[in-house]
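Turn these sequences into a full structure, and let the hints steer you where they fit.
Protein chains in written order, with the working numbering: chain A, 1 to 426; chain B, 1 to 426.
Just to be clear, a hint being listed does not mean it is correct.
As a list, the in silico DSBU-like pairs of lysine-lysine whose alpha-carbon atoms are at most 35 Å apart [to be verified]:
(1) Lys21(B) to Lys171(B)
(2) Lys178(A) to Lys245(B)
(3) Lys233(A) to Lys387(B)
(4) Lys371(A) to Lys339(A)
Covered stretches of chain A, going by a simulated chain B footprint (3 or more residues, C-beta under 8 Å) [unchecked claim]:
(5) 187 to 196
(6) 274 to 288
(7) 342 to 356
Just so you know, the hints here were simulated from the structure itself, not pulled from any lab data.
Quick reminder that beta carbons are idealized off the backbone N, C-alpha and C, glycines included.
The chain contents come next:
Number of protein chains: 2
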Amino acid sequence: MTIAVIGAGYVGLPLAIAFAKHHSVVCYDINQGRILQLLKGIDLNKQHSKNDILNKKLFFTDDSNLLKKIDIYIITVPTPINLSNQPDLSMLEQASLLVGKYIKKDSIIIYESTTYPGCTEEFCIPLLEKSSQLKYGKDFFVAYSPERVNPGDKINTLQTIVKIVGANDQKTLKAVGKLYKKICKSICYVNSIKIAESAKVIENVQRDINIALVNELSVLFHKLNIPTNEVLKAAATKWNFHYYKPGLVGGHCIGIDPYYLAYKAEQYNYFPQLILSGRRFNENMGRYIATQTVQLLSKKNIANSKANIAILGFSFKENIPDCRNTKVIQIFHELKNWKIKAEVFDPHVLISEVREEYGITVKKLKELKNKKFEKIFLVVSHKKYIKKLSFYNSFYKNKNKKIMIDVKNIFHENELKKNKYVYFQL
Amino acid sequence: MTIAVIGAGYVGLPLAIAFAKHHSVVCYDINQGRILQLLKGIDLNKQHSKNDILNKKLFFTDDSNLLKKIDIYIITVPTPINLSNQPDLSMLEQASLLVGKYIKKDSIIIYESTTYPGCTEEFCIPLLEKSSQLKYGKDFFVAYSPERVNPGDKINTLQTIVKIVGANDQKTLKAVGKLYKKICKSICYVNSIKIAESAKVIENVQRDINIALVNELSVLFHKLNIPTNEVLKAAATKWNFHYYKPGLVGGHCIGIDPYYLAYKAEQYNYFPQLILSGRRFNENMGRYIATQTVQLLSKKNIANSKANIAILGFSFKENIPDCRNTKVIQIFHELKNWKIKAEVFDPHVLISEVREEYGITVKKLKELKNKKFEKIFLVVSHKKYIKKLSFYNSFYKNKNKKIMIDVKNIFHENELKKNKYVYFQL
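Written out as structure tokens, the structure reads:
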């Protein structure tokens, strides 16, 4: 049995590596640069080691001709949103048309890309049929098995999670379940593609809303002069409280998937109330944080145009280089609106990638050491070596005007007070 | 040391019983009927046995003169909402004025009633001062320790939970913590009354929103013809998914506390988005369920006025008599708007209490057996002995028009189909 994985990114690469322990795997990506790196054993996403990547049964390619003579195709391409927050299915479309060219009698195509309920049957399968001139359910078969990749998480990996597998017929369901059983801890079988699609998308909707709630509580408690951090810690002593922390919501999942579900809902003239309420709130957090920063400058009589600010952290999550849909850029742009110049430092992100995607030049953390910041520090992502407050003291020009925006509540309030910081915490 | 517990309800009674194992306790309630029952060892809320109640060191009374010569007062009165969904602090006011009459130098007053952040300091303490002519922080001291009573829950009880204790001075904090340590598993100390108030109120806000989300998903998936139940079960296989089930949200906490927090927020010109979004959705679920019922009647060509419906379950939660803020009444009234007559059956609730509070006569479950329902069954609360589908078959007049509204997803879809039910599930 041969497997082709379409897309060699955060989802496809771990999958290809895992299956290559059991089968011959072709890992295809249209990004030639990515393929060239993988051929050298380099994963710039830092998910996998050279050893993992350089497996004899694993072929990386950008040549679609190698997609012939494959039994099972697994599509793992990104499903982002466009500038109007609507599903951008172009990559799913391309991948489906491409795979359609190569499938044959009894091929199985598995989709892993997150999408809205109904997308596989209403959007992808017709493309497969059109491109292949074969008939779904008779000539070829389709399953949906949502990825549960959690960037930077070493505990919940493909090997340790429960993998959902959904198909509309029992034969495909069993075959695909058996396949994933080789690489995952256990399988959750569901009796339709739609159920599997729905299960995936609501996971992130739930997280989005829960983070939005603590963000709103943070905004409210700030007005009431109550420390959110301590309230959440106390509430978390209840047996059924979910301990979320306020912050920016970025990345490829939580900030995107709710729009997919809402898109489908609106097609049915259902205008979601809860599903998008998290989005509405979380999309404004960057602006809120920037405004708090500006207010602290006023408090210390610092003219905005004279404030140079260091923003520490650019990736959407701690300790990883992943910058997809990072909301730190919101803070950067919002500060610009106030004529405040900010420099961004991050030890993990790929500088060239950020420049291309966001048009700004992120600096390595060591470059910080040559500078004196006049006014302010903005901490967004917490790394091991920025957890000591003393580390920051030296970067302020004026020791009496140390301003700290501690978005991630890294420091204890008492410590900030003792060190005479003017501060803001979420 | 002597303790007085003000309010002998769901919160006060367990507290009085627990403390009476260590101290003399006066348990005061203005409801004479309740006191007379407790003196006989009867708790109509069915939380406690005769043995627990009839303790020699525990005095039940409606005579406030017994509140003299008390060291510690614990106020546990209800904090409901009025018809405009605003805090009804009248009982808190009464209790504070009453206790104020009896406190003396070094008295400690502990509030357990759920309320908004700031209520104890801004509303209650001034009343204590006014009534006592003593000074808070100098003559008497106040702590806030939110109740975490979960009606019907035998696992998370006063004895097994972490109890939050908050006070604005360290001496009171320690004294009150030490007191509760005698009866609770462990204490979570927080450094202000406001933090403790906030921690309590957000716990229920979080639950409300999470239930509202699955309710919205249920409404949406019903339109998309996707079984919500199976989607939630599949999603729950993810390590960080919170498995809530759709349903009516009643009771004294979840459906009420968010209004308290919103009330405070609006005083600060902050109009909550997330905090109330759960309320908005959950308040409509009764109407939604009733509408689905009516649609099923149409499907079977049954005139509304000829449909007699049995509603099974009236309490706000399974297996308990607690009817506070039950939303089953919403279904009842909504059906009435469609000229549909419904009878309500519940084995646990106090019939007289429901009649007084809601103006309807709930019937015991055994009365069901003498009746034939022409058309429909509506199950709201699940009891052990209503989990068998066969139990219901006999109550339908027309075996070909069995309609089941299974709000709690008690039955598997396949079973309903096999038994030829026309059904609706959340």
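Now for the hints, and whether the structure bears them out:
Of the supplied pair hints, the one linking Lys21(B) and Lys171(B) holds, its CA atoms being roughly 24 Å apart against a limit of 35 Å. With a CA separation close to 30 Å, the supplied pair Lys178(A) and Lys245(B) stays within the 35 Å bound. Straight-line distance between C-alpha atoms of Lys233(A) and Lys387(B) comes to about 39 Å, which puts the hinted pair past the 35 Å bound. Note on Lys371(A) and Lys339(A): the hinted pairing holds, with a Cα-Cα distance of about 20 Å set against a maximum of 35 Å.
Given a C-beta distance limit of less than 8 Å, the hint that chain B covers the stretch 187 to 196 of chain A holds, as 7 residues qualify and 3 suffice. Counting residues of the stretch 274 to 288 of chain A whose CB lies closer than 8 Å to any CB of chain B gives 6, so the stated coverage by that chain holds, three being the minimum. With 0 residues having a Cβ less than 8 Å from any Cβ of chain B, the stretch 342 to 356 of chain A misses the three-residue criterion, and the hint is violated.
Violated hints, in rising order: 3, 7; the structure is consistent with all others.
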